[in-house]
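Enquirer: Heads up: the sequence shown runs through residues -18 to -1, 1 to 768, numbered per mature numbering (1 follows the signal peptide of the UniProt record, and there is no 0).
Please note that the accuracy of each hint is not assured.
[What the hints assert, rightly or not] Taking lysine-lysine pairs in the BS3-like style, the calculated list, with each CA pair at most 30 angstroms apart, reads:
# : residue 1 : residue 2
1 : Lys667    : Lys701
2 : Lys327    : Lys175
3 : Lys138    : Lys159
4 : Lys56     : Lys292
5 : Lys230    : Lys56
Treat the hints as calculated values from the structure; they're not laboratory data.
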Amino acid sequence: MKFKSLYLLSLCSLGAFAQNIQNNPGSNHGNKFEQLGTILPTPNVYRTASGAPGEKYWQQRADYNINAYLDEDKQHLKASETVTYYNNSPDTLDYLWLQLDENEHSSVNNAGFEFSSTIPQAVTADKLKISEYPIKDNGYGVRIEKVTDANGSPLKYTINKTMMRIDLTTPLKKGEKIVFKVDWNYNISDRMKDGGRGGYEYFPEDGNYLFTMTQWFPRMCVYSDFQGWQNHQFTGRGEFALPFGNYKVSINVPADHVVGATGECKNYDQVMSSAQKQRWQKAQSATAPIEIVTLDEAKKAEKNKSKERKTWIFEANDVRDFAWGSSRKFVWDAMPQVIAENNNKVMCMSFYGKEAYPIYSKFSTRAVAHTIKTYSDFTIPYPYPVAQSVEASNGMEYPMICFNYGRAEKDGTYSEATKNGMIGVVIHEVGHNFFPMIVNSDERQWSWMDEGLNTFVEYLTEELWDNKFPSKRGPAHTIVDYMKLPKDELEPIMTNSENITRFGPNAYSKPATGLNILRETIMGRELFDKAFKTYAKRWAFRHPTPADFFRTMEDASAEDLDWFWRGWFYGTDPVDIAIEKVSVAKADTDTKSMEKSTSVKVAKAELPVFDDISKVRNREDKKITFYTDKDKEAQDFYWRYDRGMEKVDPNKTFEVKTPASENLTGKDKEQFKDTYAYQVDFANKGGLVMPLIVEFTFEDGSKTTDRASAQIWRHNEQKASKTYFFNKKVKSIQLDPMLETADIDTSNNYWGAMPEASKFSIFKAKQNQARGAANGVMNPMQAAKK
């Protein structure tokens, strides 16, 4: 779902499900580079340590056959569904859980999740509601008429707020299926007034309605290997966890309504005019959008409301949900997009009223086509036959259909912000076909797994739409204001959906930015793109968890990214790396290396520091004979020295001469005469480690950039230094010049005036001292000879 604001609410977080465990927070090893270990669930036969589905992975399936009747005059829906539920789990089920999401609008059956509240300074009349207790039923929410089995016998059910449990007369065993039927109805809410994802919008100027029918039927909850039933209540924010299945849906609406829905329409011959069918056929091979229902036809329908009715029939396979939009206001256009990898011709379509015509007729279907092509390149080839965008003054996604915003002024003009916002929301909502409609994560638990991943690929798609597109989420610098907030106003990305205070930046921007940093700065495009595509392929049409994503990204790239997941996803530390000091030294090529004489003492005997109990008891045990007592050849100088049998004065000093190193040749002097050493000391002030990207500007105007991986901090997470050698003078040093790391304070990223240079000497290298040789002392064997 696309949020138009950052939701900067002054509310405290209710808590997080996972926290960044710091084993040694006061140490220079605060655990930033340790493996996530037990923070992640233990791999098993269902989910492997590589991040792939295991050999015994399973998931449930639910097929639906639905008949719906839309009463436009009463804003009412009446429907029935037959559900075939397949138990592919190894468990026996005594009951089933279904979602009744429309109960979010009920005053008595909503989830009951409240926010803190204070007296407002001002409030509009339509928002002011007199406190009334006990709360009365406002007439909204699902009315269950009956629940029966395949034979028509009643099934016992219990409604708990936004959830319904059906108790089975016979337990559903592994490999079995059950068929049951639910009849229900509800009053459709005014979406523009009451909020929510579905409902109606009324247009007083022409007296018409636009219906967005979403979360409109009782839907099966997910039953999974990692959680059992996902029956968390629906509060309106945390979205949905749903099983895949096949759908056949018949929708009865006023005869002049145009319906766009999940799946393919199977009876266009009955619902289209002959002219519209001809345009539909023409659109099959068009290179630009063709209007199936024209603007003139839509305007005429607005004025001449039909009293007749039609039924539209749709079928969709391997989808996790079904949604539809219906209105006589709709203009409908279409064009194909062929996905090369699977040779799939996708009919890209848009539905919109005259209010949005100046923008949508030009951009919507083109943006749909661009989106499914680009996402296919970065993830998996789009598998469905259609992709649709509906203008409904909102932003919400479902399989093969989404609802977006973007209307023109009454004079037909529109602002650049409206145009870009409309293109962005179409890309975002169409992109949700991939995350989570195909890569089917649990949105109610982990919002970032669909919103964050989708926002990231939205950014890639926007970048390929127009190189000047003003993307607001994805570039590292755009998350800085959020990361600057006080710690008590931040929560980890790994926070349950319902408990997030600043939902926009936490669920959308920060994860999208993190993935872009991985792609551009940490892993590189080639490694990242391969790993990301591997994740999409592994988990297409399955239910992944965060651990499956983290593990796959590492498994397919050979990059240890636990430090990044730990810091960016589990923590709240910002990036603030500073250039703390710069030291400069110039090469001294004229230094003469002289032979040196050094006073050294005799090395002490390497005796045990304490005569421990084992040694004492070994000496007392008359049965024990020590090897060196038996074999005289093993008794060397030091055996005797340790026993006082070799006399060496430990306090005497000896003069030891160190030979001179070789001086530079004339050629070497010429090569290194203008060499400068620059030691740059960095401080990690923010706490979150990141690569060091250092740009040097030289006095001659040239530049060069060094990239050091984040592992430079692994031995000390607070401080790091790096020395550079150049054959010309550095004028200035800039850290993170392209703003790649989301550094919250760039004022300490620049070093201008270079300090005065000291000197460092250059000599020809001598052969390295052998490992184990005495250094700085004289060994007793040498001293004894002297």
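Enquirer: Give a verdict on every hint.
Expert: Do the hints match the structure? See the list:
1. Pair hint Lys667 plus Lys701 holds up; C-alpha atoms about 9 angstroms apart against a cutoff of 30 angstroms.
2. Between Lys327 and Lys175 the alpha-carbon distance is near 39 angstroms, which puts this suggested pair outside the 30 angstroms criterion.
3. Distance restraint check for Lys138 and Lys159: the Cα-Cα separation of roughly 18 angstroms lies within the 30 angstroms cut-off, and the hinted pair is therefore satisfied.
4. At most 30 angstroms may separate the alpha-carbon atoms for a hinted pair to count; Lys56 and Lys292 meet this at roughly 18 angstroms.
5. Note on Lys230 and Lys56: the hinted pairing holds, with a Cα-Cα distance of about 26 angstroms set against a maximum of 30 angstroms.
Of the hints listed earlier, the one the structure fails to meet is number 2.
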